[in-house]
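A.B. asks: Protein chains in written order, with this note's numbering: chain A, 1 to 182; chain B, 1001 to 1197.
No lab work stands behind these hints, which were simulated from the structure alone. Note that the coordinates shown come from a computational prediction; the quantities given were computed from them, not determined experimentally. Treat each hint with caution, since some may be false.
Stated by the list, open to error - With a Cα cut of at most 25 Å, we get these calculated DSS-like pairs of lysine-lysine:
1. B:1172 <-> A:78
2. B:1158 <-> A:158
3. B:1031 <-> B:1158
4. B:1158 <-> A:150
5. B:1156 <-> A:158
6. A:78 <-> B:1031
7. B:1099 <-> A:168
8. A:150 <-> A:134
Said to hold, decoys possible - Quick partial rundown of chain B residues pointing at chain A, CB under 8 Å, derived from the structure:
9. 1062
10. 1074
11. 1075
12. 1076
13. 1097
14. 1098
15. 1125
Claimed, not checked - Chain B residues, not near chain A, derived (Cβ > 10 Å throughout):
16. 1055
17. 1067
18. 1070
19. 1077
20. 1080
21. 1093
22. 1121
23. 1172
24. 1195
Beta carbons are placed, not taken as given, at the ideal position from N, Cα and C, and that holds for glycine.
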Amino acid sequence: MKKNKTYIALTGAMLPFLTGCGIVRITVLSVAAVIGLAGYAVYKTGEGAVTGVKKFVSKTGQVASGTSKAAGTILFFKGNFKTEYPYGIRFVWISVNTACSNAMFTDIKGSVDALSGSLTAKTRTGTEIKISLKNVESNLTKASIRYGVKGNMAESEKINNFIVSELKLMQIQAVQSHSTTK
Amino acid sequence: MKHLKLIAFISILMFITVAISGCSQKKSVFKPDNTPGLTQPSVHVQVIKEGIPVKETTFGWGMSMFRIPEKYGISLATLNTRITTSLTKELTAKGMRFKADAPDYYISYAVAFGAEIHEVELDNAYRDLLKGHLEHEQSDLFYKQGVMIIDVVERKEKTLLWRGAILAQPDKNWPEERKQERCDTAVHEVIKYFPKP
């Protein structure tokens, strides 16, 4: 009788392992541990890496946590290199123009207003570069860079780096100018 | 004796649960075998649609998303080359074929290093690629540490078929000449669970 019960118990405990059901398996292991069956371990890796933090997400899906904004998001899709600059559109527009001039691109044309901007330029080899800007907030501008007809991530990244360097330089100059005026 | 009775009782309950539910667990966590240059790795399969055809299907590149602080000086284009090289190797080994225009599946990926990605942000970033709301359970996940998320999207229907991710702490001093090897291993550890763990 005793042997039969033991056999049933062990068969039952093995079932989740045979069926490959993770939830049941973990539950069985946990229960087994609780009731004193030593030797089992629940694999818990990843719990520290993936954490529930619902409170940080607003209804619109925008993440309110400051940590996620510490690094800007860059997207590359269908040849478009999309990024965000933490500056107003006017500031970004000047930087984009200066960056294109400094890069010795030719045929630099475009227009801007308080809401959006668009610029085209050509490389020495005649490849067209298109840069679009969109005002998101007073201190946030979305940008899309496209190199050539099909787009090119490596070249777009270089152009982005030119713009970022120019933005930084302009910010330093603005701060210096402000402190001199004071 | 009491313990054995309890085990038997719980086992029967488990049996009934499995029989009724059919064990419909969607999300799974796995421990990678060997990941050079990555510490504390874990693989998470977040979305799995049943019956994804793989053999003789075609794949192309979808969205690439990066969240890497500038201070690390990582070239995104180089990283993209590494990841797409690894993905091509893994997917072709499964019988898929690369097709740049109008493939059956778009393969997208997101990478964060020294930053976090929330699942909602990822889904929002994919808006152009996916129609309507994503048909998977929204969880409250922040992908922390270093992470690479790989998505398989059905191009015509614009639906997310499969999502897998590897989370780990990358070794910042890992030699340049071994970065492709590290990337290959990480991609292999995720893709080995595609289309089904």
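A.B. asks: A separate judgement is required for each hint: does it hold in the structure or not?
C.D. replies: Going through the hints against the structure:
1. B:1172 <-> A:78: 31 Å, violated
2. B:1158 <-> A:158: Given that 25 Å is the threshold and the Cα spacing comes to 31 Å, the pair is violated.
3. B:1031 <-> B:1158: 30 Å, violated
4. B:1158 <-> A:150: 22 Å, holds
5. B:1156 <-> A:158: 33 Å, violated
6. A:78 <-> B:1031: 34 Å, violated
7. B:1099 <-> A:168: Outside the cut-off at roughly 40 Å; violated.
8. A:150 <-> A:134: 22 Å, holds
9. 1062: This interface hint holds because 7 Å falls under the 8 Å limit.
10. 1074: 10 Å, violated
11. 1075: Because about 7 Å separates residue 1075 of chain B from the closest Cβ in chain A, which is inside the 8 Å limit, the hint holds.
12. 1076: It holds, given that the least Cβ distance between residue 1076 of chain B and chain A is near 5 Å, below 8 Å.
13. 1097: 20 Å, violated
14. 1098: 16 Å, violated
15. 1125: 6 Å, holds
16. 1055: 23 Å, holds
17. 1067: 5 Å, violated
18. 1070: 7 Å, violated
19. 1077: 4 Å, violated
20. 1080: The assertion about residue 1080 of chain B is violated, with a minimum of 6 Å to chain A.
21. 1093: For residue 1093 of chain B, whose nearest Cβ neighbour in chain A is about 24 Å away, the distance exceeds 10 Å, so it holds.
22. 1121: 6 Å, violated
23. 1172: Non-interface label stands for residue 1172 of chain B: nearest chain A Cβ at 15 Å, farther than 10 Å.
24. 1195: 16 Å, holds
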